[in-house]
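Asks: Here's the letter readout for the chains.
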Amino acid sequence: MKLQKWTLAFIGIGTVIGALIGITIIYSTTGNFNISSLLGFITAALILIVINVIKVFVKKDNTPEIDERIKKNVMLYYLYSSTIFIVVLFLGLAVLSFLNFEIVEITYLWIIMIAYLLISGIGGFIVIRR
Amino acid sequence: MAVENNIRKIRVERGIKQITMAEDLQVTRQTMNAIENNKYNPSLELALKIVKYFDIPIDQVFILKEDE
Chain A
1 MKLQKWTLAF IGIGTVIGAL IGITIIYSTT GNFNISSLLG FITAALILIV
51 INVIKVFVKK DNTPEIDERI KKNVMLYYLY SSTIFIVVLF LGLAVLSFLN
101 FEIVEITYLW IIMIAYLLIS GIGGFIVIRR
Chain B
1 MAVENNIRKI RVERGIKQIT MAEDLQVTRQ TMNAIENNKY NPSLELALKI
51 VKYFDIPIDQ VFILKEDE
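Line order of the protein sequences matches chains A and B. Residues in the first sequence are numbered consecutively from 1, following this note's numbering. Residues in the second sequence are numbered consecutively from 1, following this note's numbering.
Calculated directly from the structure, the hints in this document are not laboratory data. Be a bit skeptical, because a hint or two may be false.
[Unchecked claim] Mimicking BS3-like on lysine-lysine, the simulated pairs with C-alpha atoms at most 27 Å apart in a straight line are:
| id | chain 1 | residue 1 | chain 2 | residue 2 |
| --- | --- | --- | --- | --- |
| 1 | A | K59 | B | K65 |
| 2 | B | K39 | A | K60 |
| 3 | B | K49 | A | K59 |
| 4 | B | K65 | A | K60 |
| 5 | A | K2 | B | K52 |
| 6 | A | K55 | B | K17 |
| 7 | B | K49 | A | K60 |
| 8 | A | K2 | B | K49 |
| 9 | B | K39 | A | K5 |
| 10 | B | K52 | A | K71 |
| 11 | A | K72 | B | K17 |
| 12 | A | K59 | B | K17 |
| 13 | A | K55 | A | K2 |
| 14 | B | K17 | A | K71 |
Small disclaimer: the values here were computed from a predicted structure and weren't measured.
Extracted from the complex, chain A is given alone in its bound form (with noise of 0.2 Å):
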């Protein structure tokens, strides 16, 4: 509970920590070590953590950030969300497959993806503040 309070700051963390592992396998595979792209990473992570505090200083009160309604209402937009997202996925593979693509680049499957988790991240981010 008490540690409820730093979740901006653990998730920032957990981006670096994450960042540095996959940076750390591209290095192992390729021998390129991208510094630039860790550094965004820890910009980020920066960014987030003094948000995080900011709000932990600011906040008067004693209520949680989180309860009961806050985590149904999480996992309802998920539901949602993610149903929604593979229907729009299928509907597209649908009409590709209906012109008589047969080759997708693996480039606009990434694309999909991490468009999927930014609107669905920043839904999710709206969600818990409603």
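Assemble chain B onto chain A, guided by the hints.
Replies: Frame of chain A; chain B shown alone:
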């Protein structure tokens, strides 16, 4: 059948602030507001916590409205 409650009425009668009650029950102020406005039905656990908080019978806090 809808569930309604007298939480706001009882709370105001006892002079308890919404934020104080939210802190004591460990829920957000928005959730407390949603419960008081019958926009959100609390879980059984939270409902029992509310009843214990006021120390009165459950039927004086929550009312099951029959469909007309």
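Asks: Confirm or reject each hint.
Replies: Here is how each hint holds up against the structure:
Between K59 (chain A) and K65 (chain B) the CA atoms are separated by roughly 38 Å; this puts the pair beyond 27 Å, and the hint is violated. Distance restraint check for K39 (chain B) and K60 (chain A): the Cα-Cα separation of roughly 26 Å lies within the 27 Å cut-off, and the hinted pair is therefore satisfied. At most 27 Å may separate the alpha-carbon atoms for a hinted pair to count; K49 (chain B) and K59 (chain A) meet this at roughly 25 Å. Pair hint K65 (chain B) plus K60 (chain A) does not hold up; C-alpha atoms about 38 Å apart against a cutoff of 27 Å.
Restraint check: the Cα-Cα separation between K2 (chain A) and K52 (chain B) comes to about 24 Å, which is no more than 27 Å; the hinted pair holds. Pair hint K55 (chain A) plus K17 (chain B) holds up; C-alpha atoms about 23 Å apart against a cutoff of 27 Å. For the suggested pair K49 (chain B) and K60 (chain A), the alpha carbons sit about 24 Å apart, so the restraint of at most 27 Å is met. Our distance criterion of 27 Å between C-alpha atoms is met by K2 (chain A) and K49 (chain B), whose separation comes to about 21 Å.
A hinted pair counts as satisfied when its Cα atoms are at most 27 Å apart, and K39 (chain B) with K5 (chain A) qualifies at roughly 26 Å. The hinted pair formed by K52 (chain B) and K71 (chain A) meets the criterion: a straight-line CA distance of about 23 Å does not exceed 27 Å. At most 27 Å may separate the alpha-carbon atoms for a hinted pair to count; K72 (chain A) and K17 (chain B) meet this at roughly 25 Å. Among the hinted pairs, K59 (chain A) with K17 (chain B) is consistent with the structure: their alpha-carbon atoms are about 17 Å apart, no more than 27 Å.
Of the supplied pair hints, the one linking K55 (chain A) and K2 (chain A) holds, its CA atoms being roughly 14 Å apart against a limit of 27 Å. Between K17 (chain B) and K71 (chain A), the direct Cα distance comes to roughly 24 Å. Compliance with the 27 Å bound is thereby established for this hinted pair.
The structure fails to meet hints 1, 4 from the earlier list, while all remaining hints are met.
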